[in-house]
Structure formats: structure tokens, C-alpha cells
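Peer 1: Chain by chain, the residues:
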Amino acid sequence: MKRKLQDFKFEGSHYDRPNQKWVCGHAAEGKACLAGPDARGKCQATFECRPRKDGDRWVCTRPDMAGGPCPAGPSPEGACAVPIPPCVPSPSLRKRRGTTVLLVVALSLAFILVALGWRGNRDFLSPGDLSIRHFRAASSNQCQACHESANGAPIDWMLSSMKGDQALQNNRLCLNCHELGNQPAKVHGLPLGEILPLTQKAEQRLPKPSKPIGLEMAQLLAPPPPGGHDQDIACSTCHREHRGIHNDIMAMSNLQCQTCHAQPFHSFETDHPKFNQYPYRRRTQIQFDHESHFSSHFKDPDFLSKAPTSCYGCHSPDSAGARIQTKGFEETCAACHQDGIRGVNRVGEKGLPMVALPGLDVATLAQHGYSVGDWPSNTSYSDLPITPLMIWMLSADPEIAAALETLHGMDLVDLSSATEDQIRASFRVAWAIKILFYDLATKGDETWNKRAQPLLSHPAYRDQTMKVIQRLPPLTIMVTRTRWFPNLSTEVPKYLSDPKAFTTSPVPKTPPAKPPRPTAPSSTNSVSLLPTTSATSSLLPSSATGAGSASSLLPPSATANTSLLPPPAAASGSLLPPASASTNLSPAPSLLTGPPPPTSTPTSPPTPSPTLKTPEPLTRIGSWYRVDSNYAVYYQPTGHSDQMMYAWYDVMAALSSEFKSPVLANLIQVVDCPADPGLCFSCHSVDRQPDQKIAIQWRVSRPNHLDHPFTIFSHTSHFGVLHLDRNGCIECHVLDAEAPYRQAFAEGRQDPHKFVSNFKPITREDCAACHTEKLAGDSCMQCHRYHIGKFVPSMASPIQPALNPQKSEKR
Amino acid sequence: MVQQVKNFARRHGCGLFVFLALSLLSLALHRSRVINLIHCQVYSGLTLFAVLLFLASFNARKKLPFLPLLQASTWMQIHIYVGWFSVVLLFIHMEYRMPSGPLNTTLAILFAVVSVSGIIGLWISRTFPQRLTWRGENVIFERIPAIRFQLKQEIAALARKAVMESSSSAIGDFYVTQLKDFFDGPRHVVSHILSSNKPRHRLLSSAEAIQRYLSPEECNQLQDIMELVRLKDDLDHQYALQGTLKCWLFVHIPFTYGLLLLAAFHGLIALAMT
Chain Y
61 MKRKLQDFKF EGSHYDRPNQ KWVCGHAAEG KACLAGPDAR GKCQATFECR PRKDGDRWVC
121 TRPDMAGGPC PAGPSPEGAC AVPIPPCVPS PSLRKRRGTT VLLVVALSLA FILVALGWRG
181 NRDFLSPGDL SIRHFRAASS NQCQACHESA NGAPIDWMLS SMKGDQALQN NRLCLNCHEL
241 GNQPAKVHGL PLGEILPLTQ KAEQRLPKPS KPIGLEMAQL LAPPPPGGHD QDIACSTCHR
301 EHRGIHNDIM AMSNLQCQTC HAQPFHSFET DHPKFNQYPY RRRTQIQFDH ESHFSSHFKD
361 PDFLSKAPTS CYGCHSPDSA GARIQTKGFE ETCAACHQDG IRGVNRVGEK GLPMVALPGL
421 DVATLAQHGY SVGDWPSNTS YSDLPITPLM IWMLSADPEI AAALETLHGM DLVDLSSATE
481 DQIRASFRVA WAIKILFYDL ATKGDETWNK RAQPLLSHPA YRDQTMKVIQ RLPPLTIMVT
541 RTRWFPNLST EVPKYLSDPK AFTTSPVPKT PPAKPPRPTA PSSTNSVSLL PTTSATSSLL
601 PSSATGAGSA SSLLPPSATA NTSLLPPPAA ASGSLLPPAS ASTNLSPAPS LLTGPPPPTS
661 TPTSPPTPSP TLKTPEPLTR IGSWYRVDSN YAVYYQPTGH SDQMMYAWYD VMAALSSEFK
721 SPVLANLIQV VDCPADPGLC FSCHSVDRQP DQKIAIQWRV SRPNHLDHPF TIFSHTSHFG
781 VLHLDRNGCI ECHVLDAEAP YRQAFAEGRQ DPHKFVSNFK PITREDCAAC HTEKLAGDSC
841 MQCHRYHIGK FVPSMASPIQ PALNPQKSEK R
Chain W
42 MVQQVKNFAR RHGCGLFVFL ALSLLSLALH RSRVINLIHC QVYSGLTLFA VLLFLASFNA
102 RKKLPFLPLL QASTWMQIHI YVGWFSVVLL FIHMEYRMPS GPLNTTLAIL FAVVSVSGII
162 GLWISRTFPQ RLTWRGENVI FERIPAIRFQ LKQEIAALAR KAVMESSSSA IGDFYVTQLK
222 DFFDGPRHVV SHILSSNKPR HRLLSSAEAI QRYLSPEECN QLQDIMELVR LKDDLDHQYA
282 LQGTLKCWLF VHIPFTYGLL LLAAFHGLIA LAMT
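Chains Y and W supply the protein sequences, listed in that same order.
If you count by our numbering, then the first sequence holds residues 61 to 871, one letter each, in order.
If you count by our numbering, then the second sequence holds residues 42 to 315, one letter each, in order.
Keep in mind that the hints were calculated from the coordinates and are not lab data.
You can take every hint at face value.
Result set (SDA-like, lysine to any residue): computed pairs, CA atoms no more than 20 Å apart in a straight line:
id, chain 1, residue 1, chain 2, residue 2
1, W, Lys287, Y, Arg157
2, Y, Lys271, W, Leu70
3, W, Lys221, Y, Gly90
4, Y, Lys64, W, Leu199
5, Y, Lys91, W, Arg184
6, Y, Lys81, W, Leu286
7, Y, Lys271, Y, Thr330
8, Y, Lys246, W, Leu78
9, Y, Lys155, W, Leu290
10, W, Lys103, Y, Thr159
11, W, Lys287, W, Ala113
12, W, Lys104, Y, Arg154
13, W, Lys287, Y, Arg154
14, Y, Lys246, Y, Ala227
15, Y, Lys271, W, Asn77
16, Y, Lys81, W, Cys288
17, W, Lys104, Y, Arg157
18, Y, Lys62, W, Gln262
19, Y, Lys62, W, Arg184
20, Y, Lys814, Y, Asn336
Using the sequences provided together with the hints, build the complete structure.
Peer 2: This is the structure we're talking about:
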């Protein structure tokens, strides 16, 4: 039988109390005292018993468990004879465990305090590395760069944690670096007025599809917080940081994208909304008919050598590989179209009429008691209306603008059927023209500046207006004045001092003496004082009907308008070359006083120069010249990219955009003539923008880094997978030979969104051939952006410290 | 075997079912919140903290035995399954990624220490009591030092007696070189935990090796000594296993409190920065 190590008999066994904190120091020797240590671990040992008095004797009371009564017994005084040697109590296991708990808790508290108080605590408390995009913020160890509540002492952090969700307040800090438009916290950054109609439109347009099962379950288990389109969204809702340097903070799953959408769908392949004329959302800025070029022009033997052999001839990917750009004019169109733009082989004037004196029925005016003083009688040979430049300058006076409006569509050469108002308006406009010439002669450039002040004071148009004004040569106008109005310096002051002196009582009506007209049908072929966009504009020499218009009013044998005019009319030359200018200016000794009084009557035409038959061939391109037979001053463009033409048409667009006056608002339609010298509008389209302003598309579409469209596409990433070596671009861009592409660019068509492309639209099925979940992927983020609009990157650096870095450092 | 499975299913079926159901529900809720762009870590973090508090309350429950709050064994079962659930919640909260950042890493390490110590404690509490019945007498842990002291006195007395009664110093030398240290305190704790009998066999083999040099009387004395060696080894076995049964809580409980403190701090920082 095995020996028993423990004795559980009551007389031989201690009652162990493991819950007590202290254990007697003699316990390890099997001699633990019965008293044991106190609660604080102090030894309470005295004697092994407390003797009991039994009659007159003291009796030992040591228990059997401790060995029973001692042989010596108590002393006569009743003291125990066996003292217990004092011990050092040891902590019990429970006590030690409690101590360990306190130690760990103390260490944890110390850990927290050190974390809060340590200077490098920002890094210590960071829940993880920031992504590579926010690396700078991480390196600067600045929590407050992204967390509003990180400002202040750690106790403030604790308090701010009680305030609830502060993610929206942190948006402000995100926007310190990220420019996301005016309403960055709104859905897609769009105002309610834009996003709500889009949603309603989608709901109406698309069938109600069933939700993906994952989305259905998610919204059942954890319904998204209630909110509408106008609810602000925190940046951190989608962009989760502190997940490591390689974490893609822009990654979003398809279900996440669809959690807000009213029309969720299962996959791109099956039920993504069908594409709507993708990617042709508007007409091209430059009118280029691929179909006619491919089928006709590029096959023409005359142009075959100049035609491109592949799409790369005219297009190339941008640096990011996203967009395919059209190359510049010099690389693409110039080979065939440069001469046409310069006016080579053009019939008629090669310049654009900028100043012209209209024909005027002076006799009828006189019958009504209105005298316009000297007015060249043979201006009726000119078929030019008042030019847009003159309308612009004359309209500076509201009364004249009103008069011009009254005369809209009228033939000033024949005022016999005009009303009294129109007669009066004709009188006022005629004098306004003479005053304009007079002002130019006496005040020079100040006249332009003063009359163009509304545009010059507009920051959006100032530069272009200045360009136009700076390029108008005053010398040209001076000489024009001396030839066209020899007595201007005396007439205008007289008119200005007493306008009534030029009005008398009407003369009894007699058949008016019509000025000589160059052709018989001219009475029906009326020339309007004001340019119009209707049928009357067909009388313009070169804009509406091309170069033949002026000639059509002349005898059939005419080949050059100057040589076919009455003999004096052809005398003018280029005014820019100093030699010819001095030649032409020689009759004018003083610009202010004008030339010597003419020997002929005021109505006689200017004397022709015996050496200059026609000014145009002698004129440099990009300069001004005057044709006295037309009573007009022309500007001849340098060719493509002529800065004057840019500025001039932009000013016309500005006038049409900014002024409600019908006369000015109509100007862009007047100048928008594809056949005008320069041929600008045969390629460049004129758009009316959503804000009703006019924009002339001078450039092809270029990627703008400020633009963040909803749909994105990278061309170059598709080059390697679409067998482009076999089919090229037509793998996706299929030419549509039947498409009425040119219609969208017809005169007066200013809505860029009403058009049909040369190419068939790309459909969802085209893309879904590869973009499935298992092949090329069908993530929303592959083709779409959340933040859409035009964002100007914010510059975080204030100017002043940048200018004076030493001072900022001291601060 | 079938009966064992039935017993296991009866005892653990309900707990397992609730654990699996809660885990799946938590996973689904987290996934749903992720899809719906809700700050899911706030929810999972608060849930995890509440679960940790509940787990820690088991210790408080043990200190309040007078309260009629279910049996301790029921609490233990709940503690075990909720503990497993907290591990699932932690993975959800960390979004199945390794923690990063000093504070989060410290928290994760603390959680791992508490969890692993709990798992080890669970295994110990299920296996060691059985092993304790295999060898030696089941002594009260607090009495082991006194019994050890008693055996030490006895072996010393036997050795002294053997030396004095014979002219040979073989037993005395054996005691001094091998037995004295063995009886001085608990020995071979790790071997006992690992169920290794090598130290015991080595000592007994050494005792048998010197037997050939002893007289018959000395051989009898050696037999008594070997019996004490066996008793001491059995006592060490009890000490090692019972000590382990008690000492794993030295890790599990203190680090639980440290974990709770740091988790609360982490939660405040997270809420402040969210």
C-alpha cells in the first residue's frame, strides 16, 4: 500500500485558505502557526497556545493538530512555554496574481500617458501608414493636417470624441489640398439642381431592374443612413486611410458605387444603361468630314501625295495615353488648304472689308429737309454695307444704335419709300459716320478706345479688344477721310454746333433724282445699309456668295473690280509700305486741317493714281489697303492663325454675347460666313454655350487637366489588346458614310450638341465583348469618376512667405 | 464513440450553434456596412469592446459567488464561446489585415496574448486534471511545500542513518551528489508538464547502479530511499500540473485588464479622429 502524503483527519490537518493574501512563513516547513499573518502580511505569532486556567492550575491548550499539550506546560503565571519564532509571511498565489494585475494595469496606464505626452506621439498613435498619395502628410507627422480634432492638447481629443461624427468637419482639411469645385461634399460634387434631374431622368429612361443580391442583402441588414441628394458626404466615407502605403484609397467596389444609385444593376455586361451616342456628345470643334476626305479628296490624284496614309497622320495619343489628339494645322491641313486661306486664286477682294462708306440717297434726304453735307455721289458703286467695325463704333452712341436698328434691312441708296423715322435715322447715321471719321482725324486712337470702352473694361474681352484696336492703322483712316470727305473739317464742327442748320422744311415731293447705279437691276438688288444674315447678305462681295458677288454688280466684262470702276475709283494703294503711304498721303499737308480744297466738286470721285492700278497685288498679306472705288478699307489676313482675325472674330463674338442690342447681337451671324477671306468659318465652328455666350472654336479639342469628366477612357491601354495592327482605329471607330455630318455646321447652327458624327457610336456591347468580370474587369471605377466637374488646383503656398522666406522662417 | 459524440453535441451543440450564428451575422453585418459605406469599424470596434467587457466580467462573477447569476460552469461555457467570437470580431474589426501602427500593433499583441493564454488555459483545464489522477496522490497545492519539506527531512535522515550504520559512504555520496538537490525544491517541472519520465528513470537507474556495491542492509535502506524518490517525483508532478493550472491565469487575467485599458484608449482616439 502506498504511503499517504496528506492527513485529512481533523486533529492532524490544517484548514487551508487559499483566498487569503498571506501565508505563514513556516508553512513551507509544515509548521504554519494557527494565527497566521494579518491582512497586511504582518506576522502575528506569539506562543503556540493560550493557557487556560483550570481551578488554580494553568492548562496547555495547544491543539492536537499542532502536537497536543506540550510537555513543559504553562508557567505558574499562565504563560505558554513554547514561543513561536517570528516568520516572514509570503504572499499567497492569489495575492501574487493580484499584484501582477496591478503591475500590468500600471504599465498600461504608463503606456497611455507616455503615448499622450511624448512629442512623437503622433506617430505612435497612428493607426497605420498613410497611402503613398498622402505621404507628405505622413512625413510631416501632422495629424491635424487631416483631423480637425487633432488640434490642441490630448485632453481635447478625448472631449472631441464625445461630440460624435466629425468626418464632415474634416472635409475642410481635405479641401485645403484637393480642389473639388464649389460643392465638394455634395453627391458627385453637383448641386441639387443638377443631380436631381439626372436621377429623375435615369428613373424615367431606364427600366426598373432588380437589385444585385449582395446589395439587397446589405441594405436589408445594415440600411444606409437616411439622406437625400442634398446630404453632405464626408470624404472618409469612400476614402479610407491608414491602411498601409500601398493601399488604394480610391478603390471602390461596384456594389459600393451602387449603394446610392436609384437604378442599380447586376453587371456592365448585362444591364448597364446603354450608351447614348458615345463618345460623340458634341460636334467637333473643327469641321472635318472624314467621309468626304476618305472617299473623295484623299483619292484625288492632285492631293494623293499629300494625303495621310494612316490615322497617325493627323492624330496621336496625348502624353497620358488617354485621349487621341488631332495634330496641328501645319501638320495636317496646311498641305492642301494653306493657299486657300491666304486667298491664292481667289476671285474678288482677298481682304476683309473693315471700313466702308455706304451709298446714300442724298436727294431724297434733301427733299425731306435733311442735309448730310458732302457725300460722295458715286458711293452707290459700292455694294458694301456698313461694316461690323463701323456698327460697333457707331453703336457706342445709344441713339445711333437705335437709328441703326431702325434702318435694319433698308437700302439707303433708295429712300423713296422710307418712312419719316427711317429718313431721320438715315440722316443721323450719315452724320454719325462723318463724325466718326472726323473724330478719327482729330482725336486719333482715343476715338477707338472711347467707343470700345464697354468691351475694354470687361476683363474677359479686354485683351482681344486691345489687339483689334492696336492693329487698326489710323493713318489709313486719315487718308480715307481726305479722299472721301474733303470738307469734313468744316462740316462736322458746323453740324456739331448747330445740327438744326442741316434740317429745313421739306421740299414738295418730286420724283427723286436717283444716283447712277452700275447695273440696271440694282433697284431691285437692294444693298442694305446694315449687314444682314438674310438674303440681302448675298450682295456682300465675298462673304456670302464668294468672290463673284462684287463682280456680279459690275459689267460682265469686268475681271478686276478696281479696273472696271469709273476711272477715278481705282486710285489707291497699300498704305502700309512707307513709300506707297507717303505717295498716297502727299495731298494731305495736315491731318487736322485736311487736304487743300478739291478743285472738283465734292461729289466727284477721287483722282486716280496713274501708277497704281489695283492696290491688292501690291499689298503684303497681313496688312491693310484701301479700295476707293468701293469706298472701303480692307484687311488681308496673313494666312492661318492670323492674330488680327482671331481677335476680330472674338470681339464680334463678345459683342454678340454681351449686348442685348439687336444690331450688336446679330454681328456674329453677319461675320459667320465660311467663304469670307481667310475662310475661318469653313472649318472653325461657332458655338452658343449654355450661358448663351458665343464661343468660336479656334482649336481642336485638347485634354484639359482641369476637366474631370464622368466617363474616362484610355486609348493606349487598348492598343495592345484590340488587334489594332490588323484593323487599326476602325476596330472601334466605324465610319458612317450616310451620316449627315455637315448639316451640324451649316450657317447659323450654333448648338454643338445637335449633330451626327462621321462615325457610328460605340455601344455597350462593343465594350462588353472584353469588359466582363472575368476578362478585362467590369469595375465602375475603370470607366467612371466620382468627382466630376472642372477643378482648378488650389495653391497651398501663400504668396508672402514665398516672396520673403527668411521672414516666414523667423515667424 | 457514438455516445461520446452525443455527449459532446449535447454539451457544446448549443454553444457552437450560437457562436457560428453570431460569427456569420457579424460577418454579414460588416460586409453590409462596407457596401453601404457606413463606418463599419466604429460598429465592430464598439461591439468588440462590449464583448471584451463581458468576458472580463467572468472574473468579477467568480468573486461574487453569492449572486444567483447562473452556475459558474455555465458562465465558463459562455466565456469560452464568446471568447472565440471575440477572435472573429477582432478579425472583422481589423478587416482581415495585419495591424499597423505602434498602438494598434500593441493592442493586437495584447489581444493575441490574452486569446492564446485563454486557449491554452482551456486546453490545460480539459487535460491536466485527468493527468493528475494518473500519477501519485492528489495533494492540495498549498500543502505541497510542507510535504516536500517533510520528504526532504526524511531523505536526509535516511542518508545519515545509512552512513552511520555502515562503513561505506556509497549511499551518502549518492545522496550528496544526486538526491539532495532533487529534494531541495520542485524539480523537472517542464518534464512533468510534457509528461516525460526521463528524470525519474535517470535517478532510479542511478540508484540501481550503486546497488551492487551495497551490503544487504544498505540495499534495504536504498529501497526506502528509492521509494522517497518516487514520492517526491510524484509530488513534483502534482506541483507542475497544478501550478500550471493556476499560473496560466497569471497571463490571462492581468493582460485582459491591460487590453481593456488600451482598447478604451484606442476607441477614444478613434472616435476623436473619425
